[in-house]
Amino acid sequence: MNPITRRQFARQSVLGGAGIGLASSFSSLLAQVPGDRPQRVGKVTVLNPGGRVPVSLMIDDSTCLVNLNRFAMPQFDTAFEGANATYHRNWKEWPNEIPDAFVRRFGEWCAGRGVKGKYSIVPYPACVGRLDRILPGWSQRELNDSLELVRTVMAPNWDIHPEMCTHTRVIDIKTGHPYPDHSLKFMENFDWTTARSADEIGAYMAYALGILKNVGLRCEGITTPGGFGNRALPQLAQATLQSVRDVFGAEIPHYFRHLYDKGDESVAPRVEYATGLDGPDPRCVVSIIGCTGDWTGGWDNTPPGGVDKFITEDLQQGRMVDVIGRGEPAIMLAHWTGMYWNGQELGFKIFQEVVRRLESKYDHLIWMKLAEISRYWAAKELTQIAQADGVVRFDAPFAAPRFTVRVTASSVSTPKMAGDGTVPPFREVTRFLELKPGTWLREPAGVVVCFDLPKGRSILNLS
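Each residue of the sequence shown is one higher than the one before, counting from 3 in our numbering.
To be clear, the hints were calculated from the coordinates, so they are not data collected in a lab. Backbone N, C-alpha and C fix where the C-beta goes; we use that ideal spot for every residue, glycine too. There's no promise every hint is true.
[Stated by the list, open to error] In silico DMTMM-like pairs for lysine to aspartate or glutamate, Cα to Cα no more than 20 Å straight-line: (1) Lys45 to Asp391; (2) Lys264 to Asp324; (3) Lys363 to Asp316; (4) Lys363 to Glu436; (5) Lys351 to Asp310; (6) Lys215 to Glu144; (7) Lys215 to Glu253; (8) Lys264 to Asp310; (9) Lys215 to Asp248; (10) Lys264 to Glu330; (11) Lys187 to Glu83; (12) Lys457 to Glu383; (13) Lys187 to Glu202; (14) Lys438 to Glu374; (15) Lys351 to Asp102; (16) Lys418 to Glu436; (17) Lys363 to Glu330; (18) Lys418 to Asp454; (19) Lys418 to Asp391; (20) Lys215 to Asp147; (21) Lys438 to Asp365; (22) Lys363 to Glu315; (23) Lys457 to Asp283; (24) Lys187 to Asp174.
[Unchecked claim] Label-pair restraints from in silico Cβ distances: (25) Ala113 to Tyr181: 39 to 45 Å; (26) Gly345 to Ala113: 19 to 25 Å; (27) Glu150 to Asn98: 16 to 22 Å; (28) Ala197 to Gly327: 38 to 44 Å; (29) Phe434 to Lys187: 51 to 57 Å; (30) Gly345 to Gly440: 46 to 52 Å; (31) Pro40 to Asn98: 51 to 57 Å; (32) Pro158 to Thr277: 30 to 36 Å.
Given only the sequences and the hints, what does the whole structure look like? Please build it.
This is the structure in structure tokens:
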């Protein structure tokens with residue numbers, strides 16, 4: 003099964019929406035260049051953090067104040083020369099603004115329930131204005147207040163991503179202006195990245211990241227708009243690794259490009275381009291995979307798919323049930339324009355009910371930001387592990403909280419991390435739900451141990 007463009011999971015056609023359609027030239031395996039992997043010795047399995055299933059929400063098309071779809075529609079219509087009926091909506095009746103009052107209400111509701119995820123901030127939304135300079139149609143105070151709201155209410159629980167520069171027209175990074183060509187070739191959502199090098203794409207990403215850095219928003223990852231990078235997947239991954247490290251010094255950059263809204267294809271994060279695992283400068287980039295379609299209202303305010311697509315009222319079916327049941331991170335997708343839905347807030351109401359149903363069915367979920375999921379999966383795949391004579395040695399290129407391992411062993415006393423004698427033994431618990439750093443669980447064939455994995459070498463004594 004091929005990964006589909008986020009805006010195209012329903013239409014599956016390049017002419018059906020703002021994205022570029024199926025990535026038909028690439029399978030998920032061909033798209034991934036894993037890089038180095040460590041050798042492992044012994045019977046040690048890395049489990050999910052604390053034995054729980056990560057869940058998250060990715061919000062696309064969000065920015066400060068600007069209702070992106072209202073301004074994007076006519077630009078997409080121009081690029082298609084009026085031939086695409088998708089862009090013949092009556093966009094002039096849509097509001098210019100998604101108000102900060104909605105951002106606050108959404109952010110505070112999510113914070114109260116522990117919901118985490120990714121929240122895009124388009125740096126130069128639909129060419130309306132740059133967030134680090136001026137946003138025509140709003141006062142400078144309104145823009146400053148909106149940015150401060152993102153910093154204080156959203157950023158603590160949400161990764162901030164650029165969706166390139168404008169989410170519409172490609173910017174000439176030498177001039178800071180859109181290219182004069184209005185065709186699909188110079189729209190970020192479509193074919194601009196094809197045949198471009200990692201350096202070219204990375205420079206473009208760095209330009210977008212730099213705008214957000216100028217306004218005090220830290221980024222550890224990026225989100226691709228529409229079909230950006232769809233036909234340049236290796237270059238996209240390398241460009242993300244290069245640009246996010248260069249601009250923000252992020253240790254483990256990540257990106258959102260693919261989703262699978264049905265089927266058995268794995269939606270576990272892909273750890274790519276791993277190098278230098280034994281040296282002072284380990285590197286990798288993580289591809290985050292979405293698992294749902296945008297069933298909360300869509301970027302263009304189309305009728306929403308609804309709650310049951312995520313999880314049915316009887317809590318027995320739906321995409322989230324399928325993915326959680328196999329223990330993989332269940333990362334949902336939504337568009338901010340659909341969450342607000344021109345003031346009706348249809349998407350937000352759907353998402354609130356999804357959360358309520360998830361809480362009713364499960365007690366073993368953990369909400370995580372994308373950077374947190376990326377860090378855990380990098381540590382899970384790239385840590386060298388060796389077991390011998392009642393000792394497990396970890397050589398970790400990256401630290402990871404809640405690192406949880408199952409160790410097969412015939413004889414176990416209370417586990418303890420080796421140290422200077424001040425490190426206390428782990429506390430034994432009797433249920434998976436009680437696992438947290440510094441605890442262990444006895445099993446018939448061995449133990450499960452949860453601890454905060456430090457970068458570098460650490461030793462777990464089992465006897």
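Do the hints match the structure? See the list:
1. Lys45 to Asp391: With a Cα-Cα distance of about 12 Å, the restraint between Lys45 and Asp391 holds, given a limit of 20 Å.
2. Lys264 to Asp324: Between Lys264 and Asp324 the Cα gap is close to 9 Å, so the pair holds against 20 Å.
3. Lys363 to Asp316: holds, 9 Å
4. Lys363 to Glu436: Holds, because 18 Å separates the two Cα atoms, which is no more than 20 Å.
5. Lys351 to Asp310: holds, 13 Å
6. Lys215 to Glu144: It holds: about 19 Å lies between the C-alpha atoms, which stays within 20 Å.
7. Lys215 to Glu253: holds, 16 Å
8. Lys264 to Asp310: Within the cut-off at roughly 14 Å; holds.
9. Lys215 to Asp248: Holds, at roughly 12 Å.
10. Lys264 to Glu330: holds, 14 Å
11. Lys187 to Glu83: holds, 13 Å
12. Lys457 to Glu383: holds, 14 Å
13. Lys187 to Glu202: holds, 15 Å
14. Lys438 to Glu374: Holds, because 16 Å separates the two Cα atoms, which is no more than 20 Å.
15. Lys351 to Asp102: holds, 17 Å
16. Lys418 to Glu436: This hinted pair holds, its Cα atoms lying about 18 Å apart.
17. Lys363 to Glu330: Between Lys363 and Glu330 the Cα gap is close to 17 Å, so the pair holds against 20 Å.
18. Lys418 to Asp454: Satisfied, since the Cα-Cα distance of roughly 13 Å is no more than 20 Å.
19. Lys418 to Asp391: holds, 14 Å
20. Lys215 to Asp147: holds, 17 Å
21. Lys438 to Asp365: holds, 15 Å
22. Lys363 to Glu315: holds, 10 Å
23. Lys457 to Asp283: Within the cut-off at roughly 12 Å; holds.
24. Lys187 to Asp174: holds, 13 Å
25. Ala113 to Tyr181: 39 to 45 Å: Taking Cβ atoms as reference, Ala113 and Tyr181 lie about 40 Å apart, which means the hint holds.
26. Gly345 to Ala113: 19 to 25 Å: holds, 23 Å
27. Glu150 to Asn98: 16 to 22 Å: Holds: the Cβ-Cβ distance is about 21 Å, inside 16 to 22 Å.
28. Ala197 to Gly327: 38 to 44 Å: The hint (38 to 44 Å, Cβ to Cβ) holds, given that Ala197 and Gly327 are roughly 41 Å apart.
29. Phe434 to Lys187: 51 to 57 Å: holds, 52 Å
30. Gly345 to Gly440: 46 to 52 Å: For Gly440 against Gly345, whose Cβ atoms are near 48 Å apart, the range 46 to 52 Å holds.
31. Pro40 to Asn98: 51 to 57 Å: holds, 52 Å
32. Pro158 to Thr277: 30 to 36 Å: holds, 32 Å
Of the numbered hints given earlier, the model fails none.
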